[in-house]
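A.B. asks: What follows is each chain in one-letter form.
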Amino acid sequence: MATSFEAPALPEPRRLSQDSRERFSLALRVAIALTLLILTLFPMYWIIISSLKTNLETHSLPVTFVPKVWSLNAYREIFERRNFAHYLSNAMIVSLATTFWGVAVAAWSGYGFARFDFRFKAGVMAFVLIAQSFPRILLVIPYFEMANRLGLKDTYLGLILAYSTFIQPLCLWIMKEYFEQIPRDLDEAAMVDGASPYRAFWDIILPLARPALGATAIIGFLTAWNEYEFALVLTSSEKVRTISVAIASLIGEFTTEWNQVMAAAAIGTVPVVIVFLFFQKQLMHGLTGGAVKG
Amino acid sequence: MVATSQADRLPQRAHARRSRPVARIHPFLFVAPSVLMLVLLLALPITQALLRTFQTDAGWGVENYVRALRDDHLARLAMRHTFTFAFFSVVGQYILGFTVALLLSGRLPFRPAFRVLFLLPWMFPAVVPGITWRWIFDGLFGVLNEVLYRIGYYAETDVPIAWLGQTSTALAATIVANIWRGFPFMMVLLLAGLQSINQEMYEAAAVDGANAFRRFWDITLPSMKGISFVAVLLAWIGSFMNFAIVQVMTAGGPANASEVFATLVYKNAFLYADASYAATLGILLLALLMIPGGLYVRATMRSTRG
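For the protein sequence lines, the chains are A and B, in the order given.
Here the first sequence stands for residues 232 to 525, where the numbers follow our numbering.
Here the second sequence stands for residues 536 to 841, where the numbers follow our numbering.
Treat the hints as calculated values from the structure; they're not laboratory data.
Heads up, some of the hints might be wrong.
Per label pair, the in silico range of CB-to-CB distance [unchecked claim]:
| hint | chain 1 | residue 1 | chain 2 | residue 2 | range |
| --- | --- | --- | --- | --- | --- |
| 1 | A | L327 | B | F645 | 28 to 36 angstroms |
| 2 | B | W752 | A | E311 | 58 to 66 angstroms |
| 3 | A | F509 | B | V597 | 50 to 58 angstroms |
| 4 | B | S703 | A | Y387 | 41 to 49 angstroms |
| 5 | A | Q511 | B | I630 | 19 to 27 angstroms |
| 6 | A | K512 | B | P644 | 18 to 26 angstroms |
| 7 | A | R312 | B | L675 | 22 to 30 angstroms |
| 8 | B | M836 | A | A420 | 25 to 33 angstroms |
Which stretches of chain B does chain A cover? Using the computed rule of at least three CB atoms under 8 angstroms from a CB of chain A, they are [to be verified]:
| hint | segment |
| --- | --- |
| 9 | 583 to 597 |
| 10 | 618 to 632 |
| 11 | 651 to 661 |
| 12 | 797 to 805 |
| 13 | 808 to 817 |
The structure displayed is predicted, hence computed values, not measured ones.
Ideal Cβ placement from N, Cα and C applies to all residues, glycine included.
Based on the provided sequences and hints, a complete structural model is requested.
C.D. replies: In structure tokens form, the structure reads like this:
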């Protein structure tokens with residue numbers, strides 16, 4: 232890291248061994264990185280490869296690293312016989328709706344939290360933060376009972392409300408943090424001309440917050456799509472079943488068609504990987520800015 | 536409204552924090568929607584769950600808590616497992632995450648590609664790591680056993696280990712899956728921390744003759760204390776309440792060998808239909824999580840206010 236700083240002062244022979252030491256350390260870094268990368272990526276490779284085998288081959292020995300018989304049967308089965316397109320669209324509807332609503336409330340209220348002080352502000356902020364430590368498996372119990380009582384079982388609305396439980400605090404915090412970084416002068420300049428705070432928010436500040444809105448939306452979407460507990464408990468029929476529940480339900484009590492399970496896993500993961508690949512920068516921005524301070 | 540006095544105050548604008556008082560209704564209208572959500576979606580259900588814990592067959596009482604804390608051996612076992620699960624998960628995630636972060640913060644060819652690929656496990660839906668590793672660990676047809684055969688760990692005639700089917704290895708298998716799933720989160724936070732360290736300190740140390748190890752020990756590690764603390768807290772919280780990975784891999788089995796608190800709560804609520812007791816276990820889980828949670832809140836609020 233600092234060798235260019237030293238190089239001019241060193242005599243010839245020392246510089247050579249410095250060079251080879253550097254090259255060795257770089258080679259070492261690459262070797263370690265590649266090894267860890269292979270370990271990280273192997274399960275993903277295994278998902279794809281297993282999904283392209285026939286059911287018979289997944290239950291044969293020896294286990295093959297490359298399919299002897301390549302087959303799209305698994306994908307055909309889950310889409311034609313097991314209704315997976317429906318589960319994908321359910322997950323999409325619920326995730327998008329939750330995200331949209333989450334970002335809207337987070338932007339609106341986050342502005343309020345960032346700009347104004349009021350008596351219980353610190354307490355509310357602390358509550359928003361501590362909500363991240365609330366175990367979802369506890370929350371499903373009252374949600375289950377409330378959903379039954381209010382007829383929200385197996386409904387999109389029920390899932391959206393449940394998902395908002397953990398998505399809204401997260402989005403709110405990220406938006407608030409971002410708004411706090413926008414200088415107040417801008418709001419006040421807008422309000423000097425007699426504009427209301429709402430005008431200032433809508434016309435001036437909100438357009439400036441576009442990066443944060445993007446980050447919040449992506450984080451919200453990812454969190455919603457990947458969720459399991461609430462979807463498991465609040466849906467019993469296929470009507471609004473999400474992809475997560477559908478994947479897990481493919482594990483049979485006696486036999487399991489692993490190629491289908493892996494195909495389902497692949498299908499369920501592709502949307503979020505796409506979102507991730509396209510919006511990495513915003514995602515990282517939102518996470519390190521919102522989840523962590525200092 | 537007060538335009539004339541505004542004009543008088545303009546030159547002072549740079550120093551005044553708020554030169555015009557805002558009507559009290561405005562903050563309320565901005566903040567109300569989310570406070571309403573927080574109350575309805577979080578505070579209310581938690582309160583409801585808490586009240587449920589005091590409902591017993593004989594009316595109101597603390598029997599559920601007595602049972603959970605004194606009588607239920609399974610609850611104590613699940614507690615031990617949960618601590619084990621969280622501890623080893625966090626240690627594994629930290630070591631792996633820190634290593635990768637160090638690699639990514641220095642010279643590495645194709646660094647952006649590495650970074651994207653290392654982040655992938657974290658993007659997966661909660662059930663996918665569980666299900667994938669369940670398949671990898673499968674006793675009969677899983678690829679792990681196949682690899683072990685090929686490298687000679689098993690002899691030809693050995694019976695392959697059923698990793699998820701034997702009590703001694705089930706929990707460990709879930710921990711492996713959890714480490715794989717969670718290390719990118721650590722990596723992101725630690726990488727951000729590494730990149731915020733002042734590079735001049737390294738250069739100064741190199742001039743003073745410090746070798747790589749000393750530079751790491753005296754500069755890198757101390758600078759990473761703050762972010763490591765937050766990262767470990769968050770990772771601990773996430774692992775402690777983990778449900779999807781354990782449930783999908785083992786459902787707490789075999790014979791409760793990998794039972795964690797989350798799976799136990801689920802069992803009691805939905806298999807044994809004992810919502811009151813399940814809520815009790817859940818509240819105890821919540822109480823335990825308030826410690827790392829509170830530390831996290833304090834760390835965050837403190838640096839926010841500054």
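A.B. asks: All hints are to be evaluated individually against the structure, with a verdict given for each.
C.D. replies: Status of each hint after checking the structure:
For the pair L327 of chain A and F645 of chain B, the supplied restraint of 28 to 36 angstroms holds, since their beta-carbon distance comes to about 34 angstroms. Separated by about 60 angstroms at the C-beta atoms, W752 of chain B and E311 of chain A satisfy the suggested range of 58 to 66 angstroms. Range check, F509 of chain A to V597 of chain B: about 53 angstroms between beta-carbon atoms, so the 50 to 58 angstroms window is met. Restraint check, S703 of chain B to Y387 of chain A: a C-beta distance of roughly 44 angstroms satisfies the suggested window 41 to 49 angstroms.
As the Cβ distance of Q511 of chain A to I630 of chain B is approximately 24 angstroms, the hint placing it in 19 to 27 angstroms holds. For the hinted restraint 18 to 26 angstroms between K512 of chain A and P644 of chain B, the CB-CB distance of approximately 21 angstroms keeps it satisfied. One distance hint, 22 to 30 angstroms for the beta-carbon pair R312 of chain A and L675 of chain B, holds here, with the actual separation near 25 angstroms. Between M836 of chain B and A420 of chain A the beta carbon distance is about 30 angstroms. The supplied range of 25 to 33 angstroms therefore holds.
With a threshold of 8 angstroms between beta carbons, the proposed coverage of the segment 583 to 597 of chain B by chain A holds, since 3 of its residues qualify and at least three are required. Interface restraint, the segment 618 to 632 of chain B with chain A: violated (1 residues with C-beta to C-beta distance below 8 angstroms; minimum three). Coverage of the segment 651 to 661 of chain B by chain A holds in this model, with 10 residues showing a Cβ closer than 8 angstroms to a Cβ of that chain against a need of three. Counting residues of the segment 797 to 805 of chain B whose beta carbon lies closer than 8 angstroms to any beta carbon of chain A gives 5, which reaches the threshold of three, so the coverage claim holds.
Requiring three or more residues with a Cβ within less than 8 angstroms of a Cβ of chain A, the coverage given for the segment 808 to 817 of chain B holds, as 4 such residues are present.
Hint check: a violation occurs at hint 10 only; the rest are consistent with the structure.
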